[in-house]
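Heads up: the sequence lines are chains A and B, in that order. Quick note on the numbering used here: the first sequence kicks off at 1 and runs consecutively. Quick note on the numbering used here: the second sequence kicks off at 204 and runs consecutively.
Please note that the accuracy of each hint is not assured.
[What the hints assert, rightly or not] Simulated crosslink set (EDC-like; lysine to aspartate or glutamate; CA at most 20 Å straight-line):
#, chain 1, residue 1, chain 2, residue 2
1, A, K64, B, E227
2, A, K117, A, E132
3, A, K117, B, E227
These are computed hints drawn from the structure, not numbers from a lab.
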Amino acid sequence: MTTSSAESLSVTVDTEVTVPGRVPGNSGMWVGIFCVLVEFFLLFNVYFIAKAHNPEAFFIGPDKLATIAGTAITLLLLTSGYCMVKAVSAIRSDQRKASLRWTIMAIFLGFGYPIVKYFEIRWNVAHGIHGETGVFYTVYYYLTLTHLVHVTWGLMGLIWIALRTGVGAYSSQNHSGLEAAALYWHTTDIIWLVIFPFFYILR
Amino acid sequence: MIGHTERIWLMLIGLTLLGALLGEKGHAGWLLTLTVAILLVLKGGIVVDHYMEMRSANQRIRNILRLFVVLIPILVIFVHNWGEDIRRLTTLN
Chain A
1 MTTSSAESLS VTVDTEVTVP GRVPGNSGMW VGIFCVLVEF FLLFNVYFIA KAHNPEAFFI
61 GPDKLATIAG TAITLLLLTS GYCMVKAVSA IRSDQRKASL RWTIMAIFLG FGYPIVKYFE
121 IRWNVAHGIH GETGVFYTVY YYLTLTHLVH VTWGLMGLIW IALRTGVGAY SSQNHSGLEA
181 AALYWHTTDI IWLVIFPFFY ILR
Chain B
204 MIGHTERIWL MLIGLTLLGA LLGEKGHAGW LLTLTVAILL VLKGGIVVDH YMEMRSANQR
264 IRNILRLFVV LIPILVIFVH NWGEDIRRLT TLN
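Model the full assembly from the supplied sequences, consistent with the hints where possible.
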């Protein structure tokens, strides 16, 4: 059996790096990630203040939204994130093909988000829910579409990473770019985990 | 093969479906808010510690991320309990 076929058939073993004090990915990406966290922290405060001023609108608001859409997006993002964990694990074992496959899978699942969002917005509009329907829906569109923009950047980053992995740019010794893209992708997960209950569950 | 990452992923999926079930049932009130806050801490913490591998990472980075996933649920509870006070504090006139 050749090395490449052995690699493509091998199981990706979890290989978490446990060097105390390590900065995963690269410092530049962490600046970006903290900017995103600050941005969304401010936007979440807009949600909190709007809710405090309009408790009734935020009480009945989630009833008109499709919980299934929010749930589907959460499952897609978490599963896509899982694929990126596996992609990072694979490259640490120099399994480039496996890493590429996991990254492509993550991209494929990640693209499910804008598709679900498209159908959700179509469904909303068909049911008379748009940006000016009420304060709850204004905040809902503002926050979820801002998140979608960040996910789009993340997807572009993952496509770049897949191309780089495809040409053999990463190895067990040099994969900080792949790790940085995965970290940004997980950050969009964390932000969505907050947005999901805000608009689909909490009353 | 079910490894550590698969167990973590399954846990996240399970907690998400639990949250979705709560949303579909349309429950409201203090218990729902508390449950959502706990789910947020659990899910956020799992992503930070396991997906992002923060358990052994730089302490400052880890603390900022952990603070984020704990602070938001605290604010969720705060808004639920003291919404009237927040409204008064954020009214201009």
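These are the hints, each one checked on the structure:
1. A:K64 / B:E227: holds, 11 Å
2. A:K117 / A:E132: Holds, at roughly 18 Å.
3. A:K117 / B:E227: Given pair K117 (chain A), E227 (chain B) holds - Cα atoms ~19 Å apart, limit 20 Å.
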